[in-house]
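Trainee: Given next are the chains, with one letter for each unit.
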Amino acid sequence: MTPLERAEARFGWKLVAPTIVILGLLILYPLMYNVYLSFFDVQLNGSKTFVGLENYIKLLSNADYYSAIATTSLYLLGTVVGTTLLGLAMALLLRDPFMGRGLVNAAIMLPYVAPVISVVFGWQFLFDPISGVVNYLLVDLLGLWSERSNLIGDPDSALWVVVLFDIWKHAPIAYLLILSKLVSISRDQYEAAAIDGYGPVGRFFHVTLPELYFVLATVVLLRLIWNLNRFEDVYLLAPNVETLPIFTYYQAFTGVIDQGLAAATSVIQLGVLSIFIWFYIKKIMKW
Amino acid sequence: MLGKKTIKGRIGFALAIVLLVSFSLLPFAQILSTSLKHQYDWGNPSLIPQSINWDAYKELLGLTEAEEVEIPAAIQKILNNPKLSAEKKQAIAAKYTANDNLFPFGKYMLNSVIFSVGAASFSLVFSVMGAYSISRLRFKGQVVIQRSVLFVYMVGGVLLMVPLYQMAMNVGLASSLWGSAFCLFLIYIVQTLPVGMYMLGNYFRGIPFALEEAAMMDGCSRKEAIIKVVLPLSLPMLATVFIYCFIIGWNEYLFASVFLKQYPEFHTLPLALQELFVSKNAIWDRIMAASMLTLAPIVICFLFASRFMKGGKTDGGVKG
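Just so you know, the protein sequences line up as chains A and B, in that order.
In this text, residue positions in the first sequence follow our numbering: the first is 1, and each later residue adds one.
In this text, residue positions in the second sequence follow our numbering: the first is 288, and each later residue adds one.
Possibly wrong hints are sitting among the right ones.
Claimed, not checked - Cβ pair distances, simulated, as ranges: (1) Gly102/A - Glu500/B: 20 to 26 Å; (2) Ala316/B - Asn240/A: 25 to 31 Å; (3) Pro495/B - Ser274/A: 33 to 39 Å; (4) Phe469/B - Leu85/A: 43 to 49 Å.
Claimed, not checked - Straight line, CA to CA, 30 Å or less: simulated DSSO-like cross-link-like pairs of lysine-lysine: (5) Lys181/A - Lys295/B; (6) Lys345/B - Lys394/B; (7) Lys427/B - Lys345/B; (8) Lys14/A - Lys427/B.
Simulated from the structure, these hints should not be mistaken for laboratory data.
None of these values were measured; they are calculated from a predicted model.
Every residue gets a Cβ at the ideal spot worked out from N, C-alpha and C, and that includes glycine.
So here's chain A without its partners, still in its complex pose (with noise of 0.2 Å):
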């Protein structure tokens, strides 16, 4: 190592340190003592007892856990899907520029933008069975019920409502990740394509399928991991809907409360975390 090189090296750590300290403390260190944490009778005050996998047992073998799991794989299916397509088609209508475009794309980043709090109570209030115009479409205009219902109140319409939420607000930024790659797909292709007789159906499954083959996989693969975590959106909107981490979050902070058991759940979820991470990384990032 030249005197040089070490100098580089110097200022690198240097420069790095403080990060390093702040992730290491405050990221590191809990994702550990967690896992400590799951060990233990744990207060909310801080006195901990130490009770061996009883936390792991007490969750194995408790069906409101079994039934968060299921809650949350119906979410994350609904959501990837829902987001994946809805981002793909609003990728093929807006690819190719037209008068209005630069409004109409600020008008669908909106949703994405929007703070979480600010637009959760004016979905409320659509899906209010009074006052909300998705019950008065439904059932007033379309007859499609006979009577009004709480969409958000009752739990199973709940987690297709919170799911709809999710694509309205995520679909966006599928779309910009499938748009940036849409638009380099060379024109020759298309045109290749067209003289061996493919239609526009055919040319979208034997050209543009294909081609973005790998940027789907990657919104696949961030939705899971975005989603998986994801709880404002789903809490704020409809507190009734126990994903995994709202079922934690009951735990750890209302009613009974149990931090151990909660700790247990989140190292449960933080393995399952990160497999999906372990993919982004080696599929996506190629490392």
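Here the structure of chain A is known, so what remains is to put chain B in place on it, guided by the hints.
Mentor: Showing chain B alone in chain A's frame:
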């Protein structure tokens, strides 16, 4: 590709655009509309209010004069009782004249601004330093750090809420007002730092090294080269990162509820709005007007940032 040449194709295209834009904007239109409606008009599915009602905005922005609350006659009788001490009288009078319905929106907004601007500033400084280090300097362990940043970037807050709360409890911070506020401040920095580093790292890699080299040939030190060459070139990205971090803090609810729920005077907007909504005196027009006012700074930031984001639109776009 969608056969836009034919009339049918054109109509279909226009229809699809209209549908898409309506789907995106309907909730916003509903919020704006309800915030301006009188109560008798709420059940009306039309988005246009029959008559405009500014009261909710006036009240939130503190433009209405405080109403004199009359003390009920029975209470007045008790107050006139000479046996009661002056202190007690005052306490009783205060209880009946307090205007609990007033929602101190300005205070909550200020809290939110302090937390999110403060955290975003710290975050920006640390992420400039960290991102430059891992993207431009060569040293052992650099790759490990780079990957760890991506990993922690993707670990969500829910996985950290129990251990962070317990840590704050162990060091005695969670039991006091200022301790809790300090914890929340630190957590906002932590939540935004990996994003900032990730975005800036990608950006710094795209700046030709030759520019810095030239500055150093001219006698600048490495530090000066960063300050005089790299940072000015990155200004748009620095603004974007700052706004991005600001938005994360502005939106955050989970940790605010864990640390600040018991300290109403420190509530941030998301927490205060949620509390207002679940409390019984929630009124749709006030809730919607508060939503609009929470949304406004973000929309302004977004319009400002989008001018800069033309080039690397998806750089930070993976979060969400």
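Trainee: Of all the hints numbered above, which does this structure not satisfy? Sort the numbers upward.
Mentor: Of the numbered hints, 1, 7 do not hold.
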